[in-house]
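Protein chains in written order, with this note's numbering: chain A, 762 to 968; chain B, 16 to 421; chain C, 65 to 289; chain D, 20 to 353.
Just so you know, these hints were derived from the structure itself, not from any lab. Glycine included, C-beta positions come from ideal geometry on N, C-alpha and C.
Derived list of chain B stretches under chain C, where covered just means 3 residues or more per stretch with a C-beta under 8 Å from a C-beta of chain C:
1. 61-71
2. 245-258
3. 313-320
4. 342-354
5. 372-384
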Amino acid sequence: MEHFAIWVAAFLTMGIISFLYKDNAWYKLSEAIFVGISAGYWFVTLFWDNIYGKFWVGRGDDAMLYIGAFLGLLMLMRLVPKVGWISRWPLAFIVGATAGFYLINYFSSNVMRQVEDTIMPLLGTDYSATTYDMIGNIVIAVGTFSGLVYFFFSKEHKGVFGGTAKVGIFFLMITFGASFGYTVMSRMSLLIGRLDFLFGDWLGMIK
Amino acid sequence: MSFHIAFLLLSVSLIVPSPSAQDEVADSVAVSDSALVVAAPPTSVIASEHEYDDGEALDLSWVPSIDDQLVGGLVIAYRVYRSTNGGELEMIEELIPGANQFTSGELSSDSSYSYVVAAVTTSGEFASNATAPLSPETEWLNYEKKWLFLIGLLIAGAVMYFIETARKGKKLFVRKIAGLEAIDDAVGRATEMGRSILFIPGIQDMDDVQTLAGLTILGRIAGTIAEYDTKLFMPVSRSLVMTAARETIKASFQTAGRPDKYSDDMVSYVTDEQFGYVAHVDGIMVREKPATVFLLGAFFAESLILAETGNSIGAIQIAGTARPAQLPFFIAACDFTLIGEELFAASAYLSNEPRALGSLKGQDVGKALAMIVIVIGVLAATIASAWQVESMQSIVDTLNSVFSTN
Amino acid sequence: MRRQIPLFITFFVGTLLILSVFIPPMETLGEDFTLFFDIIAVFAFFLGGGNLVRVHITKLIKRKPDWGFSVVTLVGFAFVLIVGLFKIGNPGDIASSVTAEGSWFQESFNYILNPLQSTMYALLAFFVASASYRAFRAKNREATILLVAAFVILLGRTPFGMALTSWIPESLSIFQIPNLAIWIMNSPNLAGQRAIMIGIGLGVVSMSLRLILGIERTYLGDDRA
Amino acid sequence: MNARMKEILVVAVLTVFCAIMYWGKVDGWMTGFQFSFGLSMTVVILIAVSLLVILYLTLRGKLIGRRVVFLYVGISVTLPFFMSLSQEIKISPEVQTLYEGIAELPPGSVVLTAFDYDPPSAPELQPMAESFFRYCFNNDLKVVVIGLWPQGPQQANIAIEKILLDEAIAAKNLQYGIDYVNLGFQTGNEFVIQRMGSDFKSMFPTDYTGTPYNDLPLVRNIKNFSNIDYGFNLSAGYPGTVEWVQVAVDRYGLKMGAGNTAVQAPQCYPYIRSGQLVGILGGMNGAAEFELMTGTVGKGTKFMLSQSFAHMIVIAFIIIGNVAYFRGGRKQKL
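Using the sequences and the hints, build the whole thing.
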């Protein structure tokens, strides 16, 4: 059984890799299995965690749960064409809650917090700061400022304003280049993991 | 009864309440009297109201035992005991040596609580006096967050002010955004080529604000798609997104006067699982060869898999996400990328509706505010640290406390 | 009316959640919302899963191209639902965890789903290479900056990059590529990230307000439908 | 022979090869391959020469396609598995500070490890998990595991099981429930962290196996973050380090370090500067550096070579791409 299982795993692994060559039957088969199994897997997990886990095991007496269930049932009203429109209520509920929740969350951690962090002495907090630290601090302040200028919608990118926006774009490009370069490494790691499975765990070719 | 005796013992700082500890002490005493390790109990134990909560916590502070020393200290832990409404003492917490405060949570404002803190040595516990009974109070406003509230209100107010100004008919200028200008062309291109349009609203559910942004953009372009009579298909990875996307497209087709062209088949659910979904979308891309691909929403690692596959089939790709980690991949592999904020601005921009455009003006106020604060703050901090100017330091401290979020 | 009620719900719930942050007795509202959401999501799956089954059965009945693969999908879906919901092969009784070692559900995860997920993810290695090959070209000033930043970071992580500039004296060590890479990550990269983050924060504020105020409402469909 | 036949032939050859190797492995007559130093160098030179040929072809105006790039990536990752070459590892400051952060913990300290990743991210994060646990167990730190990703706790178990086989650690005879506990997964993302701030038990009434919280001696007295001496988060995305910092660190003052995939790591760098994080292990490099610092050799170090090779290949293709661009009179779009 164990032999069979590891061959299945290897078969599917290579099926996905074969997509790099071109779309083919092997890939289509792996894809079909992937979609079917994963959709089922997701539902089973949701069911045990959120329905069984919360209504039977967890906080079963909590009124909040039943409000949730009620909203869920309203959602299912879509299946009944006549009253399908009622499913917009839970949808409206979700959209309102998401909007309200994220408004504050993003505002506090993305705006307030980042502004606070940018407020720092350019020349370092004390005399131990090196030239590099100072340059770094200046770069951070200038970069954040000019980056914000780039995102300004109400003014055409012209003149001094346009020049600053240009600097902002440069900073964004450095950011993107740096994150991309940094990522290459991690992506390679994933492939290393898979090939280690094929050549090591499966075929036992790695000493 | 036993409680009263124990309490009496506690108040005169003798050894110990809890039965298990008592046993231990008895054992060690039995072995050798000289092994008894005596420590002074913690003093000045004070219980006070925990600020800005729902009446469910009290703060406790004390002066550690004088035998609690870093080197050669006798105290191995502190135990906090609580008595509810004058009831029996129960241990609720054990803290490391050196501890001098504790927040006692999960209380009710209907009850009163009294605390005892005991220093623990290898021989037993040496308890402090009990604190006076206290009930936690419910506060109705969290004053700690007043600045978050005020600045938030200021910016939200600016957004609403401009929405209102625009509604009254004042023309507001918003500069061109390259990625958004390209959207109409991209739809047109698919029509000319007689091929389809693929729209991916990210892989998150409706509880992610980026998915909402993707869907609002869909709402704008679905109208154009209806007018051009182009084929649209939209595999999604969440059931709720499927429902919402169908509503969105249906409404847009209706508004464009082509409700007959709408079909539920445009939107289909694939699987919630990230890579299962991606495997399917990749397959469908190379099979259907859409002329235009929209990737607008929350994306994770799959961003590049999708964008590179889309690139390999020669599709025009317009992408946008607010996940900074994924932006570089879209920049590298797509024709146009909406960077962070632009994703959220897109639907307003595309709608060309005055009120929506007004909201963009409003968020510029926020940016201007951030920029001003950064300039003032950085200058003040620099002057303060370089020349030790007190007044500048106080500006920095004020700004820091205003923008501090915790 | 059909449209007014949902708009009111959005407005009411949105405002409530914003205010809850400032009112201690309502602090847990955000948590309750996630709870609601999780539960609604399970119900909604009947719509999504139902759609999945419908699409593939249609394909099968109409004998559309590749209908055979639809059968595979349907069988896989049904298989996992059955072994997962009835806990087939689980050691112990029905009370054991669905993901218990040895259960069919867990085995199918280990030997089918996991290899598929990991491999799909690993394809990124290839795409990262092809994207760098194609996109990192010095076409204009912006692209050149992108290229240089990426190149320095890449080099900074290889022994070759270390060797290349190890001759630079310690006093100028910042110009050694690994140090330069770290500096780029910590300074200009940080600045760019911050600008993007602040922008996003404000963008979310503005869009959320449009949703709460009902200016964006396409997701609610049309009155006439 | 048409293309279809060729494809079938390749698949057939591959299948036979794999079958033979597998048989060899099971039967025990094939124990793996290792190139000698000379052969390793020859392979490296061959790859380099072939790249030069591609460069030459590009200069002549013959551009290569995606599949060639793919092929090179595959080769450059695979071949180093079999090579006997070694390389130097430089410790970066964020790894140093992370190490110092746990090194100063006295024995008996309680460490909370949050496993927020799933198997696809395991190649990067699993080596970190292993060396982190190894360090904790060797130094008598108590480990509490939780996960905000459904499969996180399983990854933790895999790592723990592996580490317990180490001779030195097996000798300590560590007890589940006393020396380490796996509280399992809980849905709710950052809200789980928030709830843990007031009460762990409310979020984790039982552990991974169903044992009630109060029956686990290690955690029985752990109320909230104030009882945790150090937090370590292994994260591959959301929810992850950002959420831990926002809630556990910012609101509850937990001292925390993180191990991130290389992609997530840049997002978390600001947190080191602001002092919200003690340190970060970024990607496989971070794992290898941490292994070096803690004096163990694991997969992180082993696969560094593959990674360096792959990097060199990417760099080579960026150069070739630019040559192609300038050669094409800057107009050609590829």
